[in-house]
Amino acid sequence: MNEFVEQFLLESRDLVAQATDDLLALEGKPDDRDRLDSVFRAFHTLKGAAGIVDFAAMARTLHAAEDILASIRTSGEAIVPSVLDECLTCLDLTSRWLDAMEANGKVPTGTEADADDMISRFAASLETNARDRASQPAGNDWLERLRVDPHERTTGPRVALRYVPDADAFFQGQDPMEVIAALPNLLKLDLALRDPPASLEAMNTFSSILDIVALMEASAAQVRTALIGVRGAMDIRELASSNAPVEDGRLTATSLLEAQLLVLRDGTADGLMGRLASVGRTAVNALAYLGQSEAAAALGGAAATAQATLSAAPLVEAIERALTGDGRQTSRGNTTGPVRAVRALRVDMSRIDTLVKLTGELVVLKNAIGHVAKLSQESAGPALLATTLREQHALFNRLTTELQAAVLGIRVLPLRSVFRRFPKLVREIAGSVGKTVKLLVEGDDTEADATIVDALFEPLLHVLRNAVDHGIESPERRAAAGKEAAGTVILRARRDVDNVVIDVEDDGGGIDLTRVRAVAAERRIASADVLAAMTDSEAVHLIFAAGFSTAATVSDLSGRGVGMDSVKTAVERLGGKVTLETTPGAGTTITLLLPFSLMMTAVMTVDVAGQAFALPLDTILETTIVGRDRIVPIGSSHAVVLRDRTVPIIDLAEMLGFSPGLPSQGVAKIVVLSVGTQIAGLVVDRLGERMDVMLKPMDDLLAGIRGVAGTTLLGDGRVLIVLNPAEILV
Amino acid sequence: MTAVLHDASTIRLFGVCSAQDAEILLQLLLTHPAAEIDWRDCESAHAAVIQVLLVAGRALRGPPRGALLSRLVAPAIASN
Numbered sequence: 043m044n045e046f047v048e049q050f051l052l053e054s055r056d057l058v059a060q061a062t063d064d065l066l067a068l069e070g071k072p073d074d075r076d077r078l079d080s081v082f083r084a085f086h087t088l089k090g091a092a093g094i095v096d097f098a099a100m101a102r103t104l105h106a107a108e109d110i111l112a113s114i115r116t117s118g119e120a121i122v123p124s125v126l127d128e129c130l131t132c133l134d135l136t137s138r139w140l141d142a143m144e145a146n147g148k149v150p151t152g153t154e155a156d157a158d159d160m161i162s163r164f165a166a167s168l169e170t171n172a173r174d175r176a177s178q179p180a181g182n183d184w185l186e187r188l189r190v191d192p193h194e195r196t197t198g199p200r201v202a203l204r205y206v207p208d209a210d211a212f213f214q215g216q217d218p219m220e221v222i223a224a225l226p227n228l229l230k231l232d233l234a235l236r237d238p239p240a241s242l243e244a245m246n247t248f249s250s251i252l253d254i255v256a257l258m259e260a261s262a263a264q265v266r267t268a269l270i271g272v273r274g275a276m277d278i279r280e281l282a283s284s285n286a287p288v289e290d291g292r293l294t295a296t297s298l299l300e301a302q303l304l305v306l307r308d309g310t311a312d313g314l315m316g317r318l319a320s321v322g323r324t325a326v327n328a329l330a331y332l333g334q335s336e337a338a339a340a341l342g343g344a345a346a347t348a349q350a351t352l353s354a355a356p357l358v359e360a361i362e363r364a365l366t367g368d369g370r371q372t373s374r375g376n377t378t379g380p381v382r383a384v385r386a387l388r389v390d391m392s393r394i395d396t397l398v399k400l401t402g403e404l405v406v407l408k409n410a411i412g413h414v415a416k417l418s419q420e421s422a423g424p425a426l427l428a429t430t431l432r433e434q435h436a437l438f439n440r441l442t443t444e445l446q447a448a449v450l451g452i453r454v455l456p457l458r459s460v461f462r463r464f465p466k467l468v469r470e471i472a473g474s475v476g477k478t479v480k481l482l483v484e485g486d487d488t489e490a491d492a493t494i495v496d497a498l499f500e501p502l503l504h505v506l507r508n509a510v511d512h513g514i515e516s517p518e519r520r521a522a523a524g525k526e527a528a529g530t531v532i533l534r535a536r537r538d539v540d541n542v543v544i545d546v547e548d549d550g551g552g553i554d555l556t557r558v559r560a561v562a563a564e565r566r567i568a569s570a571d572v573l574a575a576m577t578d579s580e581a582v583h584l585i586f587a588a589g590f591s592t593a594a595t596v597s598d599l600s601g602r603g604v605g606m607d608s609v610k611t612a613v614e615r616l617g618g619k620v621t622l623e624t625t626p627g628a629g630t631t632i633t634l635l636l637p638f639s640l641m642m643t644a645v646m647t648v649d650v651a652g653q654a655f656a657l658p659l660d661t662i663l664e665t666t667i668v669g670r671d672r673i674v675p676i677g678s679s680h681a682v683v684l685r686d687r688t689v690p691i692i693d694l695a696e697m698l699g700f701s702p703g704l705p706s707q708g709v710a711k712i713v714v715l716s717v718g719t720q721i722a723g724l725v726v727d728r729l730g731e732r733m734d735v736m737l738k739p740m741d742d743l744l745a746g747i748r749g750v751a752g753t754t755l756l757g758d759g760r761v762l763i764v765l766n767p768a769e770i771l772v
Numbered sequence: 180m181t182a183v184l185h186d187a188s189t190i191r192l193f194g195v196c197s198a199q200d201a202e203i204l205l206q207l208l209l210t211h212p213a214a215e216i217d218w219r220d221c222e223s224a225h226a227a228v229i230q231v232l233l234v235a236g237r238a239l240r241g242p243p244r245g246a247l248l249s250r251l252v253a254p255a256i257a258s259n
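Top to bottom, those sequences are chains C and V. Positions 43 to 772 (this note's numbering) are the ones given, in order, by the first sequence. Positions 180 to 259 (this note's numbering) are the ones given, in order, by the second sequence.
These are computed hints drawn from the structure, not numbers from a lab. Check each hint, because a few of them may be wrong.
What the hints assert, rightly or not - Which residues of chain C face chain V? A few of them, derived with a C-beta cut under 8 Å, are:
1) PHE212
2) PRO218
3) MET219
4) ALA223
5) LEU231
6) ASP232
7) LEU233
8) LEU242
9) MET245
10) SER250
11) ILE251
What the hints assert, rightly or not - Here are the in silico distance ranges between beta carbons for each label pair:
12) V:PRO242 with C:GLU300: 26 to 34 Å
13) C:ALA155 with V:PRO242: 43 to 51 Å
14) C:GLY271 with V:GLY236: 13 to 21 Å
15) C:THR267 with V:PRO242: 24 to 32 Å
Being a predicted model, the structure only gives us computed values, none of them experimental. No residue lacks a Cβ here, since even glycine has one placed at the ideal position from N, Cα and C.
Sequences and hints are given; from them, build the entire structure.
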């Protein structure tokens, strides 16, 4: 990727993050002018940046957003929820585009349709905005006036319009009847008077008091075009056409997704690129229609990958996942991948200043040590030397500690950067299951290592989704239990010594332990005896067991448990752990305990006796293949001559207690390690791949095992043991 | 002028009725409280005129000549 694009991505992501922050702040305080100005500037700058890299679709979309924000700025009115939501959706779309661009290093293709879609959504939100501002109530009652027969067969889409001309419309030279005459395919008309005068005598013929409702067989866009320049309050509603009622929309979207799979499975290579682009677009739209914005986002990513690699596989997988999991389990596949390290970081200037200051002090200390060296030459007394050295060691100790803290601090980010995406997602999830849920965020300025913050999004989303979907009861059940109709979920973060603690607390119904035990028994998670011996607090943790929940139990399991094992895996991969507390009837709290900082260790995997092990990459000198006959016994051990150097050979399998001795035929694969001054070659069965892992040290009973540095989890959930060469070679 | 008193019991609307005709129609209706309205020769009418017809609630002799008036506006007024 060229530097220019890299810079664009970096800056754009910052702007998207900033605009998201501002929009979410505006949600709580819609008349905050400073925030509005800031959002406007962010969109404006983003648009400019998109123009510079020739990303036309992105520039066009952001331009539409900027126009709306500009009009709100000049009108001096507060931003309405519909516009705010569309702006956030636009930022999500922009993020997806940026992801796609990052994946293949150039402006993604096939973005025009998404841009068109977004722009028309902005137009619709403006209308809602106008309706919200109109003096007339904007309820749905007026639709009744049309007395639309739902069984009447029509061929196209139908649109209802309510049009209340301004009182001075006649003075302005407008004739609302002409407006009506110009409407496309008018089917029905209803005329009413707002404020009818008591009698003809009291009537003022110069003032419009009409309240018009019309039904048309046309698209909303056609109707909007016909209404350009017309003054007055207007409300346009798209009605379900009788051939495709709204209820069937979900089915249509689902079958659309299935159809996309057929298109992708068509084996011919002709036009694959085009097919991938169009399938991706259709599937994203279908999922967006179903209200599964996360699944849509994930699919967008998969489509970009598919296009970049010219392979249908990622897309097929993403669509299948969306279909089988009904979009709810989409993140699961991703959580099992390796932890992705953050590539670029924006660092607060003050942190760099601290580093500069510490470096300055280190230089002073260096000079002071030089002075001591001189003193020792000039044969100063050992007592004086010892005192001076001790003082300087203390100073050096302080400086290195501070330096280490400062360097670690550079990798630190506030959790806000991941938390801020949740309020909107929680609202959407709650809406999709017919609940009202308040998400309270606390302690979002708590900091953690950037890698952890980045990897937290998916597991946290999973936990939050479970809290909303299964934790919080339906409004009826809440009312019956004497609770407030709206559920509350608290997302709370705090720092606890070397850990970051994140609680997700809901005031729902708690977990039904009898049910958990029953399900665990049914799914053979544990034997009946073991289950019977478990305390309640042990039993509740069964929901984290792999295989406890499947998509089929989503709807009938009261409580949680949907894919919680994937949360556990993801958190453990980060070196953390998950705990859970539940009180029947009062709610559940899930706590993620994560290390404050973590460093990635680069390792190389090797196979020995059918099992994978890893060796720290920084100890590996080289890998090589030699004939077995070149390995010669020396005393009780073996050695090989490599580049004129005798290298002791250790059979890793034998050392780990797997197989007896070295066969004398064929070739041997050797990893040459260097620790300190020692060199040795390890014979392995297969050389694996290089990967970055989060090392988890062995604890409790296993802490004393020699030769093992720690463990980490592989993408498929297997435990990978990382060996410690320093202990192997000694 | 397109709104005229035809006889003591009929007010006729014909051709294209403009915004100004609304006031004339209103005066005719006030001075002839029993008159019905004959709009069979009416091609089109300004919204101000339609508004007067709605408030007056008088009997309308139709159908009017204009397509929009006869197909959609007349039924809408009749249903009020």
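Could you check the structure against the hints above and give me the numbers of any it violates, in ascending order?
Numbers 12 and 14 - these are the hints that the structure violates, sorted from lowest upward.
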